[in-house]
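S.K.: Using the sequences and the accompanying hints, generate a full structural model.
Sequential numbering of the sequence shown, starting at 1, is according to full-length UniProt numbering.
Treat the hints as calculated values from the structure; they're not laboratory data. Just so we're clear, the structure is a prediction, and the values are computed from it rather than from any experiment. Misleading hints may appear alongside valid ones.
Pairwise CB distance ranges (calculated) [to be verified]: (1) E130 - N103: 34 to 42 Å; (2) Q30 - E219: 31 to 39 Å; (3) R122 - S6: 41 to 49 Å; (4) E7 - D92: 31 to 39 Å; (5) V2 - Y229: 15 to 23 Å; (6) F118 - Q30: 41 to 49 Å.
For each residue, glycine too, the CB sits at the ideal point set by N, CA and C.
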Amino acid sequence: TVPAGSEINLVAHSMGGLDCRYLITHLQPQQQHFRVRSLTTLATPHHGSSFADYVKSDVIGRTRLELFWSILGMVGVERGAAENLTMKYIRDEFNPSTPNDPNVQYFSYAASFEPGLFSRFRFPWRVVYEREGPNDGLVSVNSARWGTFVREIPNADHMDIMNWVNAVAWGRSRFPWIIGGSSHDSEGRAKGLLETGDDDRRETEGVPKEVPPLFNAIELYLEISDLLYRHGL
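M.R.: What follows is the structure, given as structure tokens:
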């Protein structure tokens, strides 16, 4: 329960960003318990997803459709929700009916990566890339832009943003040509990862320079906290 009179900053991933926009525009005016100061979205399809368009089409076949639903289910997208993520629905219905609140600051991040042979997002990444360009496996960089666009997060897929660190992510740093990853990481991100702790340092020291380090979710959320602080939020 939020104490009455609280001022809050929302940080939301994927569809959660659309839910928060709806809350700010349509639900917040109906209550006086709290006031939203800002919304920061991570890989949110503010302009829809061409992968949702693809899933909704009749060209993929029943077998593949079940696989795609399992991928969408990993990020909390139910079967009926895919229709609400199509580019047409977001463009023609959701966005026009959900304008920004002038008293709320909006920030957004996008993510992108290049999938390897066994990446769970290999096929949806290709679908989105052919239609929209760089993406995180479900949401394009362009679609994730909303309000003040902060930056594109390299070497991170749609699940990495939520800190889903697992064996696949670990293997990506060693064998990016098989498991996934990107070759366009910056020295600054590598330095930031090394400075987060001894465990991360041990993981990274043995990786050749041309292999990007693991995406560091803790670093990202500390960055967001600093962003809000610098804006007086």
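S.K.: Each hint should be assessed against the structure and marked as holding or not.
M.R.: Against the structure, the hints come out as follows:
| no. | hint | verdict |
| --- | --- | --- |
| 1 | E130 - N103: 34 to 42 Å | holds (39 Å) |
| 2 | Q30 - E219: 31 to 39 Å | holds (37 Å) |
| 3 | R122 - S6: 41 to 49 Å | holds (43 Å) |
| 4 | E7 - D92: 31 to 39 Å | holds (33 Å) |
| 5 | V2 - Y229: 15 to 23 Å | holds (20 Å) |
| 6 | F118 - Q30: 41 to 49 Å | holds (47 Å) |
No hint from the list above goes unmet by this structure.
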